[in-house]
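A.B. asks: As a plain string of letters, each chain reads:
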Amino acid sequence: EIVMTQSPLSLPVTPGEPASISCRSSQSLLHSNGFHCLAWYLQKPGQSPQLLIYLGSNRASGVPDRFSGSGSGTDFTLKISRVEAEDVGVYYCMQSLQTTITFGQGTRLDIK
Amino acid sequence: QVQLLESGGGVVQPGRSLRLACSASGFTFRSYGMHWVRQAPGKGLEWVAVIWDEGNNKDYTDSAKGRFTISRDNSKNTLYLQMNNLRVEDTAVYYCARTWLGAFDIWGQGTIVTVSS
Chain A
102 EIVMTQSPLS LPVTPGEPAS ISCRSSQSLL HSNGFHCLAW YLQKPGQSPQ
152 LLIYLGSNRA SGVPDRFSGS GSGTDFTLKI SRVEAEDVGV YYCMQSLQTT
202 ITFGQGTRLD IK
Chain B
3 QVQLLESGGG VVQPGRSLRL ACSASGFTFR SYGMHWVRQA PGKGLEWVAV
53 IWDEGNNKDY TDSAKGRFTI SRDNSKNTLY LQMNNLRVED TAVYYCARTW
103 LGAFDIWGQG TIVTVSS
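Chains as they are written, first to last, in the working numbering: chain A, 102 to 213; chain B, 3 to 119.
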């Protein structure tokens, strides 16, 4: 099983300021097709998770361009260029390189 | 529009069974792999099971193997999760999700399963 480790687990941010979340995997997520099998989700309070980033760095449809994903191998980062109030919730990374999919523990983003 | 709608949750005693259903609409259901993901109260997301397009290939998390069965009826655009010998630790919100390019691009609203004596 690939273990996914996120940091920090709690992230208070002032509106308008940037935010960054790290996700590390216990083994490389590089697929033989050249893509990284890493996705990011946001679960807003009381809602189902929603896809933000797929294949490591591709924004999902409708996701604001203030969200960006980067990284390679075992180290990945989700960045929010300017946090807005609507970005509050828990962020999860997820690997799908192996059929037994695993998630990170989640990072709770709050507004200061 | 593209939508997933779960049903079948409820309160059940340990050792009993429950079948969840996930009705899909707005897309060609048979063309996508489908997953079940759960979230225990106050906890993170846990992947449970996957079934690929024609239903011949499936996989489960270790805690579900031998107790849960994922299946699909492409003629009814419906995904199922048969859960037997339920345990207290199976208590969670169960989501169905569509897989696309290795990610879950569509999620249902979830159905709550409570296992308690």
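Derived from the structure by calculation, the hints contain no laboratory data. Remember, predicted model here, so these are calculated numbers, not experimental data. Incorrect hints may appear among the rest.
Unchecked claim - Okay, the calculated beta carbon distance ranges per label pair:
#	chain 1	residue 1	chain 2	residue 2	range
1	B	Gln15	A	Asn159	41 to 51 angstroms
2	A	Gln199	B	Pro16	25 to 35 angstroms
3	B	Glu56	A	Pro119	44 to 54 angstroms
4	B	Pro16	A	Ser162	14 to 24 angstroms
5	A	Ser123	B	Asp75	21 to 31 angstroms
6	A	Ser129	B	Gln15	39 to 49 angstroms
7	A	Ser171	B	Gly44	29 to 39 angstroms
8	A	Val104	B	Lys67	17 to 27 angstroms
9	B	Lys78	A	Val104	12 to 22 angstroms
From the three backbone atoms N, C-alpha and C, an ideal C-beta is built for every residue, glycine too.
A.B. asks: Each of the hints needs a verdict: does it hold here or not?
C.D. replies: Quick rundown of the hints versus the structure:
no., hint, verdict
1, B:Gln15 - A:Asn159: 41 to 51 angstroms, "45 angstroms, holds"
2, A:Gln199 - B:Pro16: 25 to 35 angstroms, "30 angstroms, holds"
3, B:Glu56 - A:Pro119: 44 to 54 angstroms, "45 angstroms, holds"
4, B:Pro16 - A:Ser162: 14 to 24 angstroms, "42 angstroms, violated"
5, A:Ser123 - B:Asp75: 21 to 31 angstroms, "41 angstroms, violated"
6, A:Ser129 - B:Gln15: 39 to 49 angstroms, "44 angstroms, holds"
7, A:Ser171 - B:Gly44: 29 to 39 angstroms, "30 angstroms, holds"
8, A:Val104 - B:Lys67: 17 to 27 angstroms, "19 angstroms, holds"
9, B:Lys78 - A:Val104: 12 to 22 angstroms, "37 angstroms, violated"
Hints 4, 5 and 9 from the list above are not met by this structure, while the remaining hints are.
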